[in-house]
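Sequences and hints are given; from them, build the entire structure.
Protein chains: 2
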Amino acid sequence: MDELPPDVALMWRLRETPRRGPKPTLSLDDIVRAAIEIADEENDLAAVSMARVAERLGNSTMALYRHVKSKDELLILMSDAALERPEPLPADVDWRTGLTFWADGVMTAVRKHSWYAKLPISGPPAGPNNLAWFDAALGALAGTGLPEEAKVGIAMGLITYVQGEMRMAMDLAAGFADNPDVFRQYGATLARVIDPKQMPALARVLDAGVFDEVGDFEQESDQDFDFGLQLYLDGVAAFIERVG
Amino acid sequence: MDELPPDVALMWRLRETPRRGPKPTLSLDDIVRAAIEIADEENDLAAVSMARVAERLGNSTMALYRHVKSKDELLILMSDAALERPEPLPADVDWRTGLTFWADGVMTAVRKHSWYAKLPISGPPAGPNNLAWFDAALGALAGTGLPEEAKVGIAMGLITYVQGEMRMAMDLAAGFADNPDVFRQYGATLARVIDPKQMPALARVLDAGVFDEVGDFEQESDQDFDFGLQLYLDGVAAFIERVG
DNA sequence: ACACCACTGCGTACCTGCTACGCTATTTAG
DNA sequence: CTAAATAGCGTAGCAGGTACGCAGTGGTGT
Chain A
37 MDELPPDVAL MWRLRETPRR GPKPTLSLDD IVRAAIEIAD EENDLAAVSM ARVAERLGNS
97 TMALYRHVKS KDELLILMSD AALERPEPLP ADVDWRTGLT FWADGVMTAV RKHSWYAKLP
157 ISGPPAGPNN LAWFDAALGA LAGTGLPEEA KVGIAMGLIT YVQGEMRMAM DLAAGFADNP
217 DVFRQYGATL ARVIDPKQMP ALARVLDAGV FDEVGDFEQE SDQDFDFGLQ LYLDGVAAFI
277 ERVG
Chain B
37 MDELPPDVAL MWRLRETPRR GPKPTLSLDD IVRAAIEIAD EENDLAAVSM ARVAERLGNS
97 TMALYRHVKS KDELLILMSD AALERPEPLP ADVDWRTGLT FWADGVMTAV RKHSWYAKLP
157 ISGPPAGPNN LAWFDAALGA LAGTGLPEEA KVGIAMGLIT YVQGEMRMAM DLAAGFADNP
217 DVFRQYGATL ARVIDPKQMP ALARVLDAGV FDEVGDFEQE SDQDFDFGLQ LYLDGVAAFI
277 ERVG
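These protein sequence lines map, in sequence, to chains A and B.
Converting from the first sequence to my numbering requires adding 36 to each position, the first position being numbered 1.
Converting from the second sequence to my numbering requires adding 36 to each position, the first position being numbered 1.
Incorrect hints may have been included.
Note that the list lumps identical chains together, so a pair holds whenever it fits in one copy or between two copies.
As the list claims (entries may be wrong) - The calculated DSSO-like cross-link candidates involving lysine-lysine, where the alpha carbons are at most 30 Å apart (straight line), are:
#, residue 1, residue 2
1, Lys233, Lys148
2, Lys107, Lys59
3, Lys105, Lys59
4, Lys154, Lys105
5, Lys148, Lys105
6, Lys107, Lys154
7, Lys233, Lys154
8, Lys107, Lys148
9, Lys59, Lys148
10, Lys59, Lys154
Since the hints were made in silico from the structure, they are not lab data.
Here's what the structure looks like:
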């Protein structure tokens, strides 16, 4: 009967509340919220330690372990709780508008928690919020008449791309904040180090000056994101035309 | 003059060798190789500790710090050294064959080091091996006549997608090895937990049985990878047609 | 030949972080 | 009222990163 994996049961808050024993002074929600707050404030997932979370809640470190089996489990809970539900799709939009809307939504949601991309992936989406996002992507494809399996493939690929892009963007942004010069000198550094005979294509890019003049970092990373997204969506369009 | 970032200088082995002092019994190559061996053997990046690396080399922990500034720096060196150079492109192939060849090459190279996707991203590619891969992707696009900036965008997007897919695949594979049942019951778990009224698109996918019958894991993850890759490449084709 | 000094390897020690274990206090079922 | 179940927590063990300073080593310049 109750064969749900423990993490999943916990994310859905499905464990039965005990009848005996002292009233808890601590709730799972409090713990997860405190952990997320710490990560947000420090902009650093590594700042989340069991001790720090407990301290913020005015409890001892070990008290947390009555509610959470391990720190890994806490991270899994964070990965679901940090994303609020997606806004519902505007009515009657075509799939492309829908997926663009969806991708922007993910972008905005994750941007609020720059540590999100550093979370270990523990399995396929299983928590309520993550599944809601998954459902939203599938919903955008509802009108296409594609077979369900293809919709899943498209949605998964999109999730992968978006998460990959976020990870890249966030890590680069962190590096940029630490040490802007490394980025500003990127073109110059490559020029110093590369042998044009061995890497001719890269040398041509350097000659064209693509890596000089790094402007606004965030803006440029947005442009890259959109560019890749449009490529992927063009691919989806081609696929729909081929199959439909 | 010598304004190269220290990590980059190290990856290219560009620091001048000291004239005085005892002969080193330890080389940077040894350290990086040992670290990679440990990660490979344990299939786990976390198994790489400074103490463990030193032990394998018959030295003390602190001796490593004469060659490497910190563990982070060691990780950066690993991220370049773990990927051997790409095989040269077959001559006279169109861009699509070239990029597919390239993506397969990345796949094979990274598969040898399943921990690779867990490495923190420290910045844009800067080591000799990483840049060689970057160059190879750009080289595959050489015949398209696209502006250099577009080539960079396409190559970056592709790298992002491939790395994201690897990360997903490797983490899921690890989870699957730990606990196969969670994956086999994925469909059943979702069915238990989802309200079809709130997530109709997902419910339809479940009804269609897409998540039942999980077959060979590795094979399926290969299929997903190819599917997404083809979508992206279709998008590139559309872009080339539009611009060229 | 000798003194100097940059450099390597390393022992020690400190700090942070996760968590197993067991005690005590609290609440409710019977 | 007693027993069982449960919450919080103090202690302690273990692992891992790394700052610091000492000892030995071997070119360099006098």
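Hints that the structure is at odds with (numbers, increasing): 7, 9, 10
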